[in-house]
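Peer 1: Below are the chains, spelled out letter by letter.
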Amino acid sequence: MARGTSALDTMPVSPLARQTRGLLAILAGATLVFLYLPIAFLILFSFEEADTPGFPITGLTLHWYEKMLSDSGIHTALFNSIQVAVIVAILATIIGTMAAFPLVRGGIRFPGAARILFTLPIMIPGVLLGLGLLVFITLLKIKLGLYTVIAGHLVFTTPFVVLIVAARLQGFDRRLEWAAADLGADNRKTLRYVVLPLIAPAIVAGALLSVTLSIDEFVVTFFTIGPQLTLPLFIITQIKFGVTPEVNALATVILVGTLSVFGLGTLLLSGGRRFGRRGTE
Amino acid sequence: MADLMRQYSRRQFLKVTGAAGATVGAGAFLAACGANSGASVAPTSPPATTGPVASEGPTAAPTGTFNWMTWGDHYYQAQVDAIAASNNIKINPTLFSDNIDAYTKVKQVGGQLDMVSGDALWVPHYFEAGLIEAWDINSLQVSSQLYSIAREFEIWTKPEGYLGYPFGWSPVQVYYDPANVSPAPDSWEVLLDPKYKGRVVVEDQPVEIMAYMGKFSGAKNAYSMTPEEIAKAKDLLIQLKPNILRLANQATDTIAALKSGEAWIATGNLGTESRVKDQGGPELKVFTPKEGTIGWMDSEMIVKGGANESLIMPFLELAEQAEYIAANFILNGRPLFNEAAYKILVNQGQQERADRFLYNKPETVHTMDLKGPGTSTQAVIEAFNEVFGA
Amino acid sequence: MTTDTRSGADPAPLAGSARGLRSRVGRAAPFLPGLLMLTLLFLIPMVIMLVFSFWRTNNDFDLVRDWNVSNYARFFTQATYIRTFIKTLIMASAVTAAGLAISLPFTYFLVRYVSRRLQRAVLLAVIVPFWTSYLLRVYAWQAILGEKGALNQFLMGTGLIDKPSTLFVYNDLAVFVVLIYVYFPFAALALYAALEKFDFTQLNAAQDLGARPDQAFRHILLPQIRPGIITACIFVFIPILGEFLAPTLVGGAGGSLIANLIINFTRQGQYPEGAALAIIVAAFVTVVLIIFRRSLRVEDVVTRG
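Protein chains in written order, with this note's numbering: chain S, 1 to 281; chain W, 1 to 390; chain X, 1 to 305.
Incorrect hints may appear among the rest.
[What the hints assert, rightly or not] Derived lysine to aspartate or glutamate pairs resembling DMTMM-like cross-links, with alpha carbons at most 25 Å apart:
(1) K304(W) to E147(X)
(2) K232(W) to D193(W)
(3) K163(X) to D193(W)
(4) K285(W) to E49(S)
(5) K107(W) to D62(X)
(6) K241(W) to D62(X)
(7) K158(W) to D60(X)
(8) K90(W) to D71(S)
[Said to hold, decoys possible] Which bits of chain S does chain W cover? Going by a derived footprint, with three or more residues having C-beta under 8 Å, they are:
(9) 54-65
(10) 224-233
For the record, the hints were derived by calculation from the structure and aren't laboratory data. Computed from a prediction, not measured in an experiment: that's the story for all the values here. Backbone N, C-alpha and C fix where the C-beta goes; we use that ideal spot for every residue, glycine too.
Isolated chain S (complex conformation) (with noise of 0.2 Å):
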């Protein structure tokens, strides 16, 4: 946001600043290296000639990305991954956006209690929500299937979401809520262009950890599911065989994919609704 407008970017800048904004840089480049260099083998075992994604390396091919193409079974399987991550995005990040506020805002008797509540489904191992949950779900007499995948990944994303989102809420500064009100802003004109976009941040980033988290789980959903496979699923029970460079192959569409796709809509939309800098503009 260089745009020579903000306070912070026309003040003078030391030459400590400026070393210490290059070690930053240096270190963050690091960081994204550390990141992608384990991507980066994945991506190259997917074209190995061997059974077994792994060196050495004896030849090269394109055959799994056939493989892969050709596989149906990988497809549902990744179609429905995509589709229980989503729902559990949108509803955890509702659900748990929703419950930040009174957790932060009072309303809530035992906050402190509130709060731990919400952190403990995150140490319990998959296995025992899974059973639980599978037992629970039987004696109901609920038939299993994708939507109890998805109530069994709402359980351990929406404390993420609850919490990240708490913690942005916290020291939120209400003089602009109450400002808004003295502009003549009812509550829902607040909520939307005032507290929300401000948060806005919070919610995203629990929205990502709700798909990361959902996307690759598969000790709850085994118990959970029906007669459907997931990704994660498929790639976990191929036990006797073990995995094959089909499944490299696949995660490497996916990201490239992803990246495309969103790093396309990133950078043609405009930058968004711009509310710079506190302090500033």
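Start from chain S and add chains W and X according to the hints.
Peer 2: Showing chains W and X alone in chain S's frame:
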């Protein structure tokens, strides 16, 4: 100001609550209605009371999809596609890895699954728990293609009938790299030899590992060991621990370690050495330990109360044909119980490979300690945890 | 130090019925869906598991309603569980500390010096790889850290070492590295959400008033992003207590963490035995969270009444 706070809280959020609640409620409602894919059109012929019988003639051939919980190597795509195309019977497979997972699932959901695969002693366990049907295996024509021994396994025979359609089997064998391991071993002892510190790979299966140690120390039944036998096995386990490079989560891990040369000794099912060689790894040797080994043999079981039960017999009649089984062997390299398929493999010039994998020796299963629920499960896990904990 | 007005201290107390039940319910209403969800989908299943933990499994893998506490006693009488639990706590702390150390500079740089649009792109670039399979990513790490892995090949190729190093080969250090990697996006996203609202001009103002950069950092930035740091710690530390895949895949024979010992039971259908151990772990963490509840507070000043 106060008004703002009051209205802000109540009205606004009640609306949003309502919307979200409706979404959650709708989801729950749909779940209760059982909106899951895989349920099929009700087949025409209802199952007989004594158990399912193969469909008699062309009059009312059932079609549709049934739910099959199985391992990934029990079928291959071209096979199920062909059956779907010719007879319109489709499968809706769910995969699993450990018998206990499938058992727990079937126990909970029963008839939501139609067919389930299981190993050795798990099969009678399913039956005793009232989860599967017993039926007349000879009512399936294709069963005549099986080795006769496979139709007469005592553990799978009940007065009510046979408990499953036999598929494949494998003992656990020990693989080693002769370039690094000498003299040629013939006993479980090689796993414990301090010469091979950090060069051994075993599967991450506490009960199985303790079973290996049990076999080595002379336990009568590796899955139902006495406390003394367990104590002996545990001592051996302590010696084994420093030798272990890693506990393999999947067969891939074992193969990867062997192929890269990081591991010199490993336990595994039949066919591991071929896969390592095929992928550029060293040429390994294999042996069955002289003290005896454990193993598995699996079968397809019919779940009681499955909605699509009548599809199973017609499906098996087709899917278990020798041509498919032979092709499956070529793909996956496991000995299977279909004798006619062996003959096909011989005709295809695959005899050497089939014999190497003991295909023509199904009686080997009688020499193995068969996998299944035993009496010492909990105790061996405790012992394992004590050795492999921090 | 935040001022009172920022945290929205209430004006004169509301009179009469405004403080009554209706107002309270109204304010708590948005919490209800979450509460309902947790009760139905978490609390009840956990109560079921709690009940199971007092039963036992027989040889046929069936549940027997034989009320006993031996599953809990096991944790305390067989030393391996406490030892492994302590090891898990140490590993989780180390990963949290290292994770924070890596993600804080990264996120700081991202928020301060990168344009908003690019920020989103980078965030996505950070998180999208984590939508691929965990298994595949860890396999890739094996390929890097293993004895014949890329790292060793690189070090030997450049002549830095002449024998393959076993520093990262199937041991706790490998688990450490992989866990940092796996939990990085959690910490980064939590920190991002907190840093993003920070007004960086305060740092300049502080320096104008004579503060050194590190003083400004410590006394102005850190306190304000404290909720974010705490959240990041929770997002990394607590799930690691339930982490079993990484130890299995790269930890070798000695890599077991407490969750591995638990799933050794549950993978053989010994659910009561596994449940009891997991409940003990959860109880421990809950007690810690209660003890430290003051520092973990997210409620605004006004509600602390």
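Peer 1: Checking against the hints above, which ones are violated?
Peer 2: Violated: hints 1 and 6.
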